[in-house]
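Number of protein chains: 2
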Amino acid sequence: MSEVYAARRTRLRERCNAGGSAAALVSRPANVRYLAGAAPHGAVLLLGRTEDLLVCSGPPDDRPTQGRPDEALPVRTLPGPGGDPAVTATGLAADQGAESLATEDHHLTVVRHRAMCSVAPALRLTDLGQAVEQLRVVKDEEEISCLRIGAEIADQALGELLESILVGRTERHLALELERRLVDHGADGPAFPTSVGTGPNSGRRGHRPTDRRVEEGDFLSVCLGATYRGYRCEIGRTFVIGTSPADWQIELYDLVFSAQRAGREALAPGAACRDVDRAARQALDSAGYAENLPALTGHGVGLEIDEDPQLAPAAMGKLDACVPVTVEPGVHLPGRGGVRIDDTLVVRPEADGGPELLTITTKELLAL
Amino acid sequence: MSEVYAARRTRLRERCNAGGSAAALVSRPANVRYLAGAAPHGAVLLLGRTEDLLVCSGPPDDRPTQGRPDEALPVRTLPGPGGDPAVTATGLAADQGAESLATEDHHLTVVRHRAMCSVAPALRLTDLGQAVEQLRVVKDEEEISCLRIGAEIADQALGELLESILVGRTERHLALELERRLVDHGADGPAFPTSVGTGPNSGRRGHRPTDRRVEEGDFLSVCLGATYRGYRCEIGRTFVIGTSPADWQIELYDLVFSAQRAGREALAPGAACRDVDRAARQALDSAGYAENLPALTGHGVGLEIDEDPQLAPAAMGKLDACVPVTVEPGVHLPGRGGVRIDDTLVVRPEADGGPELLTITTKELLAL
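If you're matching them up, the sequences are chains V and F in order.
Under full-length UniProt numbering, think of the first position of the first sequence as 1, with each following residue one higher.
Under full-length UniProt numbering, think of the first position of the second sequence as 1, with each following residue one higher.
Take these hints with a grain of salt, some might be off.
Same chains, same label: a pair holds when it works inside one copy or across any pair of copies.
[Claimed, not checked] Capping the alpha-carbon separation at 25 Å, the derived lysine to any residue pairs in SDA-like fashion look like this:
| # | residue 1 | residue 2 |
| --- | --- | --- |
| 1 | K363 | E71 |
| 2 | K318 | E141 |
| 3 | K318 | P334 |
| 4 | K363 | L333 |
Bear in mind the hints are in silico, worked out from the structure with no lab data behind them.
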């Protein structure tokens, strides 16, 4: 694995040098993990002029779920509590003779940035921008394999829940049980707070579970994901409770299902992100639900659950092969509930069979 | 409750005006909740020259566990996605005729701060510092009552776990079960990730649960807390598994217990924070464990689990009445394990009976 991290750092260094900076300081935890193999709490990565260093505030956490630091990367640990690794790393960059240092200004606070300026007044701090986030968009097969295993775990946890009695249980209990099952099946933990919505809460994106109990006739929507070796996937499904769904439930479900399928089918290398969004949104728009739609219909996933690209009406850019994204249109009708269907897929060229579906739980409307 | 929030905002406004700023922008979520009753995702609070406003990025979350926004406070919601409430609020401050705006530079990123500067170039941005955090240190009886209920919930969850079979279960399962019980008993959720450490992992501060199973003869240390109406408490206990603790276990336990008692007994209005730390640390130091001790032996709790004051060797300042703190010395011996004992208490004057213990689970060494 060491070569993988070294190659990623080389790519970042080339971008920095092209931007006029001999050195860079990476502080955002997911970016540190991407480039160094692990992101111990508070650690920063210095891409120095003469040497790269992982600067940590304390001894590294040795749990495997936190990643293993690249063994080829020297580690510097602050001597006592209270210090800021970013400030220490800035001093080290200056000691290495760097004249400018590119920093993650979308992550550093104003106070930290000021302390970094003070420790090395001759060093010019520039903005690295989202350079590492951009490198992270296209995944290698090792990363995709982690996402695939995470998706299998999420499918298993969801499948087991569906075999149990649901009526009378609260959203909060169902969510906790799903999270326990994720861990049982080998996840590092949930990829994000599990969402369970019943009745009027169903179909709301990011709904946080309440004490409402599942009732006959409800829509039940569930959104969960596993973290596996740091990689986070997402699956969302909507079910009906009881033997006979109402007509409006069947109609709404079919509509969202066809929208989600259109979104999935639009995934291809070279497709504009906004066109994928439009594909998923169109049927819902023309059925009169324009007001009830989420701001985005999908997003990238990886070391964070919400990464680039965004699938949204104003999104710029095109998809590449090996980019994992969610496709998750939904409609929520205030007071009544709604439907969301959410898959994680990897963009693949037509020649390789088209988009690879990672979350394989059925999307038929199940009556439970 | 509205008067409580208004009074808190008045106190902050007085501090800002004394510091030369007519307006302030509060962005740190716990600070927004303290002053506005709730902190919807991304929301900021503007203390304006002529009007206070809660600026939100979307419709407020109406779950009671997220707090209720002060009804006397006008709410401004951004029209579409992608905007930054902090930038909008900065523009509103300028519109209200403010010449300077105090901001939370320890929370704002460099990029957000730059965007705020750009939207109102004539407005001078100054650093509010930790003014709101300082207001939050001394709690009112309503806040203490939330902490007290949270501590009861944590005591209940822990008590139930102790009645179950422990040998053979993993740290991760025990932690998940504790978190489920917290929610069962009415917590909003865990106050922080529940820590369960067995055998060589026992006694490590902030240990994250692994797949290690509880074995006969182990120390088992558990640290958990409930969030209740936003307020977070903490309890930690160490047990031995099996009928007869080894001599070294009894000795180490007695030592940490006496250190923790010394810390608790040192809590009084006017006591220096470093003296409380020293009281808890002294016995452990002189027993030769100076190298095995954590950087702090306690800290404030409230809307966040780790607040001011810090009980540490270099801590400045003194305790006041009605300040809730943890007292949590511990010793961890690499490869063998250790002991931590952790209570949440409220500093009270001698005349009121001295420190009020919120977490009442026994601190006798239980053999389970």
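Going down the list of hints, with the structure as the test:
1. K363 <-> E71: Classified as neither; 44 Å inside a copy, 43 Å across copies.
2. K318 <-> E141: Within. Shortest intra-copy distance 20 Å satisfies the 25 Å Cα cut-off; inter-copy 56 Å does not.
3. K318 <-> P334: Neither: 34 Å inside a copy, 51 Å across copies.
4. K363 <-> L333: For K363 and L333, the Cα distance is within 25 Å only inside one copy (21 Å; across copies 52 Å).
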